[in-house]
Amino acid sequence: MQVKNRLRPFFENLNFERDDNTMVINFGPQHPSAHGQLRLILELDGEQVVKAHPDIGYLHRGIEKMAENMIYNEFLPTTDRLDYIASTANNYAYALAVERLLGIEEKVPRRAKVIRTMLLEINRVISHLFFIATHALDVGAMSVFLYAFREREFGMDLMEEYCGARLTHSAVRIGGVPLDLPEGWLENLAAWCDKVDYETKHTYEALLTENRIWRMRLEDVGVLSKEDALSWGATGVMLRGSGVAYDIRKEEPYELYDELDFDIPVSDRCDSYGRYRLYMEEIYQSTRILRQLIPMYKETEPQLMADAPRYISQPKERIMTENYALMQHFVLVTQGMRPPKGEVYAPTESPKGELGFYIKSEGEPYAYRLKCRAPSFFHTGLLQELLVGSYLADVVTIIGSTNIVFGEVDR
Amino acid sequence: MRPYRPKKNVQKRAYYNDRFWVAPPVPREAVEEGTHFAEVVATLGDLCKEAYVSLGTLVVHIDANENFETIKRLKEQCGYGMCSEQSAVDYLATDGEFELFWQLLNLDEAKRVRVTTRIKEGEAIESIYPLFKSADFAEREMYDMFGIVVNNHPRFKRILMPEDWVGHPLLKTYPLHGDEAASWYEVDKIFGKEYRDIIGPENRDPAKIDRYDTKRFSRIGYEVPFGAEYTDEEATPVEYSETLFVNYNKESKELSERK
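From first to last, the protein sequence lines stand for chains A and B. Those letters in the first sequence? Residues 1 to 411, by our numbering. Those letters in the second sequence? Residues 1 to 259, by our numbering.
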């Protein structure tokens, strides 16, 4: 039997009785196309949005608080839960911030760098496929969802073959990667790249790019000017879709991106259609990067973790044979590494935009403060301006086009 | 003698500390002449109290009441067109202060500047919303997490936590599992304070086991039907299936071979 409580029933979705002839409607937090727990309070004049207030925090788990109570290695799997569509991007952004703090970024072995870059690009493709699938579904194109999820599944199979997990990968460690690539993985990767390229060109783009309905729903919807994009802190495709050619992989390169040959697609359309085209183009660029990485892997030495015994455990052979390595390993596991005293901010280009970790260390094994700069958080703030003036039917398109993930927004 | 530990910080601390170990600082470099950062420091002039380059980022210390002016100059004169992050660090336990930082990005030069300042507890800071709209959410989050009041913000209220929440979760005095108010929040809100005795505080210990809770737990040897109350503590005779147990004493073909 239900216990009587104080949550009185009320017509939560509609508020008709207003003096100024506008209507307030409540969107979410449980809306299938809100991409998580987004609550929007929309004020409508007829069908046009006059005011939009995003209400977030329904997925708030206090990840920054948890970071202050965990040793550095312990926190890494928690970062999976930020942007759970592309977990490796989060793992990597966190690992990079800690490595910069420790000063061991250059010591990461080349094979680990190749594997990390591969994983990052696979995650980018997975995330972009997820974007196109859900975006098309939101707009009303059901079949693209089915096709895009098929290729995404194959990509997740690759991730599973490498690290054992499909969604929460934790495939990167501070100082390198834990595992070498399994046998036959590179062949699967090359085949997957071909498949993704083929399907993107012949299925998604063929279905959508010149599709009359798709263009009508996306063109000139959610127009974000260059000034607004900069002012609201938009990054990633949101920024490049507004005509600003800024990609952290090119401008502030990390890992192997300065050695790789790839282009940064930019659009000055400033609307949802331009952003959609950028996502499609980025898939091609990612597969292009992956193809370049495959021969690079074969030229590398087998070392996988950085040689920095103060912070990173020694390889297993040495732990098992040398007393001092065993002692260091014991201290690192039970107490955790103690990084230098100071602060670091490491930006990376995650599939959603600029994902950066600010870490303040007081020399303790626990971070004194960790701030996760999540792109989706700022893109959600942007909705306040982007939605105003658009029609109710376009609200879902615009939310889909910003590609926000609520694990990241609420943290 | 035991080392002093500030009691205003209830976050997890290292159990063991080497008495003679001093954490090395992250390397800091002076701002070199002729670089982009030197121009930035020159433009800021007196606003900049201390400036150094740390890990490729220019760190500028300023006075708290000059934050708007500093960031305005950085935006308008030095080309820092994006405020990618702003937040605070809680030093109340040791210094009675908050450290605030703004992370700015120059997209043409691909350079980053971190503006930092310190404010006392209870002091307010000027909003930079007129310069960067990204401050809208970032400042609300800073208030929500630390209780730092921001002046002249257009919609100043909590963002992640509920409006009627008590306390600011990222303060060092706030325990990881929530404080007293947090444990009663949902009971008070949904049922009312008079139900506190009936429902009890929210359990935030995921490993907690209630031996008298027969809905979620069953005690081996004392099983009762779902939801039934324990009337007496007599053991229930349980018949386990024999097949569960493997008799390793039994002679098997493989064992004999190995012997």
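Honestly, I wouldn't trust all of these hints.
List of simulated lysine to aspartate or glutamate pairs, EDC-like, C-alpha gap at most 20 Å [to be verified]: (1) K226(A) x E76(B); (2) K172(B) x D261(A); (3) K12(B) x D45(A); (4) K226(A) x D108(B); (5) K298(A) x D261(A); (6) K341(A) x E33(B); (7) K7(B) x E362(A).
Pulled from the structure, derived: some chain B residues nowhere near chain A, Cβ distances all over 12 Å [stated by the list, open to error]: (8) E32; (9) E85; (10) D136; (11) L176; (12) K208.
Note that these hints are calculated values from the structure, not bench results. Each residue gets a CB set at the ideal place from its N, CA and C atoms; glycine is no exception.
How the hints compare with the structure:
| no. | hint | in the structure |
| --- | --- | --- |
| 1 | K226(A) x E76(B) | holds (16 Å) |
| 2 | K172(B) x D261(A) | violated (46 Å) |
| 3 | K12(B) x D45(A) | violated (52 Å) |
| 4 | K226(A) x D108(B) | holds (14 Å) |
| 5 | K298(A) x D261(A) | holds (18 Å) |
| 6 | K341(A) x E33(B) | violated (27 Å) |
| 7 | K7(B) x E362(A) | holds (17 Å) |
| 8 | E32 | holds (19 Å) |
| 9 | E85 | violated (4 Å) |
| 10 | D136 | violated (5 Å) |
| 11 | L176 | violated (5 Å) |
| 12 | K208 | holds (19 Å) |
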